[in-house]
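Residue numbering for the first sequence follows UniProt numbering, starting at 1 and increasing by one per position.
Hints listed in this document are in silico derivations from the structure and should not be mistaken for laboratory results.
Treat each hint with caution, since some may be false.
To be verified - The calculated label-pair distances, taken between Cβ atoms and stated as ranges, are:
hint	residue 1	residue 2	range
1	R40	D104	17 to 25 Å
2	S34	D92	19 to 27 Å
3	G27	D6	13 to 21 Å
4	G21	D92	13 to 21 Å
5	P19	R94	14 to 22 Å
6	G38	D85	29 to 37 Å
7	R40	R16	16 to 24 Å
8	E86	L109	14 to 22 Å
9	G87	S34	28 to 36 Å
10	F72	G27	14 to 22 Å
Backbone N, C-alpha and C fix where the C-beta goes; we use that ideal spot for every residue, glycine too.
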Amino acid sequence: MPEQRDYFEEVYEVVRLVPKGRVTTYGTIARYLSLRAGARMVGWAMNGCHNRPDVPAHRVVNRIGVLSGKHFFGGPTIMQQLLEDEGVHVEDDRVVDFKKLLWDPAVELDL
DNA sequence: AGAGTGACTGGCT
DNA sequence: GAGCCAGCCACTC
Numbered sequence: 001m002p003e004q005r006d007y008f009e010e011v012y013e014v015v016r017l018v019p020k021g022r023v024t025t026y027g028t029i030a031r032y033l034s035l036r037a038g039a040r041m042v043g044w045a046m047n048g049c050h051n052r053p054d055v056p057a058h059r060v061v062n063r064i065g066v067l068s069g070k071h072f073f074g075g076p077t078i079m080q081q082l083l084e085d086e087g088v089h090v091e092d093d094r095v096v097d098f099k100k101l102l103w104d105p106a107v108e109l110d111l
């Protein structure tokens with residue numbers, strides 16, 4: 001299997017920049033990297049994050065703050081526990097105060 | 001080559 | 001907030 005990396009690496013790099021206790025979305029990453037592929041591919045990129053040691057994929061949720069990828073962490077509660085451990089409250093698979101915790105590189109990095 | 005699928009999103013109801 | 005629909009692109013069969 002050839003290396004898909006390309007934008008994969010870029011996605012991982014951005015995700016690694018997400019501060020502890022903050023979250024971001026697939027669409028935000030996609031727009032920031034100007035991925036023609038779209039948000040779906042960001043999710044697919046995260047699918048390969050298991051090869052990466054330092055990719056906090058649990059900080060990446062969908063646009064409404066739902067932990068859509070929790071099932072891919074080897075368990076339905078792993079992702080939530082990781083977030084709770086960082087001070088991010090999760091209720092009914094949704095991030096509490098999601099809008100306030102949202103981290104947008106285009107904004108936080110002041111571009 | 002065509003159809004199905006998905007860790008998504010925006011718009012509308 | 002929640003549900004439905006259409007657009008989106010890479011990947012698999």
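Quick rundown of the hints versus the structure:
no. : hint                      : in the structure
1   : R40 with D104: 17 to 25 Å : holds (19 Å)
2   : S34 with D92: 19 to 27 Å  : violated (33 Å)
3   : G27 with D6: 13 to 21 Å   : holds (19 Å)
4   : G21 with D92: 13 to 21 Å  : holds (20 Å)
5   : P19 with R94: 14 to 22 Å  : holds (20 Å)
6   : G38 with D85: 29 to 37 Å  : holds (31 Å)
7   : R40 with R16: 16 to 24 Å  : holds (21 Å)
8   : E86 with L109: 14 to 22 Å : holds (20 Å)
9   : G87 with S34: 28 to 36 Å  : holds (31 Å)
10  : F72 with G27: 14 to 22 Å  : holds (18 Å)
Going through the hint list in order, the structure does not satisfy hint 2, though it satisfies all others.
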